[in-house]
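Work the whole structure out from these sequences, hints included.
Take 10 as the starting number for the sequence shown in our numbering and just add one per residue.
If you're looking for bench data, these hints aren't it; they were derived computationally from the structure. All values reported here derive from a predicted model rather than from experimental measurement. Cβ atoms here follow ideal geometry from the backbone N, Cα and C, with glycine treated the same way. Be aware that one or more of the hints could be misleading.
Straight line, CA to CA, 20 Å or less: simulated EDC-like cross-link-like pairs of lysine to aspartate or glutamate [to be verified]: (1) Lys-47 - Glu-57; (2) Lys-19 - Glu-29; (3) Lys-13 - Glu-29; (4) Lys-50 - Glu-60; (5) Lys-81 - Asp-92; (6) Lys-61 - Glu-72; (7) Lys-50 - Glu-40; (8) Lys-87 - Glu-69.
Listed next, with one range per pair, are the computed distances between beta-carbon atoms [claimed, not checked]: (9) Glu-29 - Cys-63: 47 to 57 Å; (10) Asp-46 - Thr-26: 22 to 32 Å; (11) Asn-71 - Ala-34: 51 to 61 Å; (12) Lys-81 - Gln-53: 37 to 47 Å; (13) Gln-67 - Glu-29: 50 to 60 Å; (14) Asn-31 - Ala-65: 46 to 56 Å; (15) Thr-43 - Val-79: 51 to 61 Å; (16) Leu-36 - Gln-67: 44 to 54 Å; (17) Gln-53 - Val-77: 47 to 57 Å; (18) Leu-66 - Lys-42: 33 to 43 Å.
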Amino acid sequence: MTKKIKKLEKETIIWRTKWENNNKALLQMAEEKTVRDKEYKALQIKLERLEKLCRALQTERNELNEKVEVLKEQVSVKAADRDLATPVTQPFAALDSHKELNTSSKRALGAHLEAEPKSQRSAVQKPLSTGSAPAIESVD
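Right, here's the structure in full:
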């Protein structure tokens, strides 16, 4: 009977040590789980913040792109207006021939102008108009 008691005591000690080791491992795993849960929550909060930041940056980018498009349209409209307002440049040969025509017509008009009164001369000699119609002489 003493042998059986000693054998049972050894088994109980073995089972107790196994239980204690398993209990320690379980407690350690529970601590690790709480640490991981805290890290997970912190990472979730960071993820939410990053998503909010990303959404805010996307909306800001879209707004800025819209502003850029509006400004591009304004610039293109202004450029088109400027193109319409600026006179068409003529090639040099055309300018030279135009000058020759003006000087020859002035010579021809010169004899005619001497006979006309001064009030009529000013109407013929007015400068070129800078209005919307380019290269048209104004004769009022």
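20 Å Cα cutoff - pair Lys-61, Glu-72: holds, 17 Å
Given the hint that Lys-50 pairs with Glu-40, does the C-alpha gap stay at or below 20 Å? Satisfied, since the Cα-Cα distance of roughly 15 Å is no more than 20 Å.
State, for the Cβ atoms of Glu-29 and Cys-63, whether the hinted interval 47 to 57 Å holds or is violated. Holds: the Cβ-Cβ distance is about 50 Å, inside 47 to 57 Å.
So the hint says 46 to 56 Å: do the beta-carbon atoms of Asn-31 and Ala-65 match that? Since Asn-31 and Ala-65 have Cβ atoms about 50 Å apart, the given range 46 to 56 Å holds.
May I ask you to test the hint 37 to 47 Å on the CB atoms belonging to Lys-81 and Gln-53? Hint holds: Cβ distance 42 Å, inside 37 to 47 Å.
Please work out if Lys-81 and Asp-92 have their alpha carbons no farther apart than 20 Å. Since the Cα atoms of Lys-81 and Asp-92 sit roughly 16 Å apart, the hinted pair holds (cutoff 20 Å).
Hey, Lys-50 versus Glu-60, does the alpha-carbon distance stay inside 20 Å? holds, 15 Å
If I claimed the Cβ atoms of Asp-46 and Thr-26 lie 22 to 32 Å apart, would that claim hold in this structure? holds, 30 Å
Satisfaction of the hinted span 44 to 54 Å by the C-beta atoms belonging to Leu-36 and Gln-67: Once the Cβ atoms are compared, 46 Å apart, the range 44 to 54 Å for Gln-67 and Leu-36 holds.
Is the distance from the Cβ of Gln-67 to the Cβ of Glu-29 consistent with 50 to 60 Å? holds, 56 Å
Between the beta carbons of Gln-53 and Val-77, is the distance compatible with 47 to 57 Å? Given a distance of about 36 Å, which is not inside 47 to 57 Å, the answer is violated.
Just to be sure I understand the hint, the distance between the Cβ atoms of Thr-43 and Val-79 should be within 51 to 61 Å; is that true here? Given range 51 to 61 Å: holds, Cβ gap about 54 Å.
Figure legend: structure checked against the earlier numbered hints; hints not met, in rising order: 3, 8, 17.
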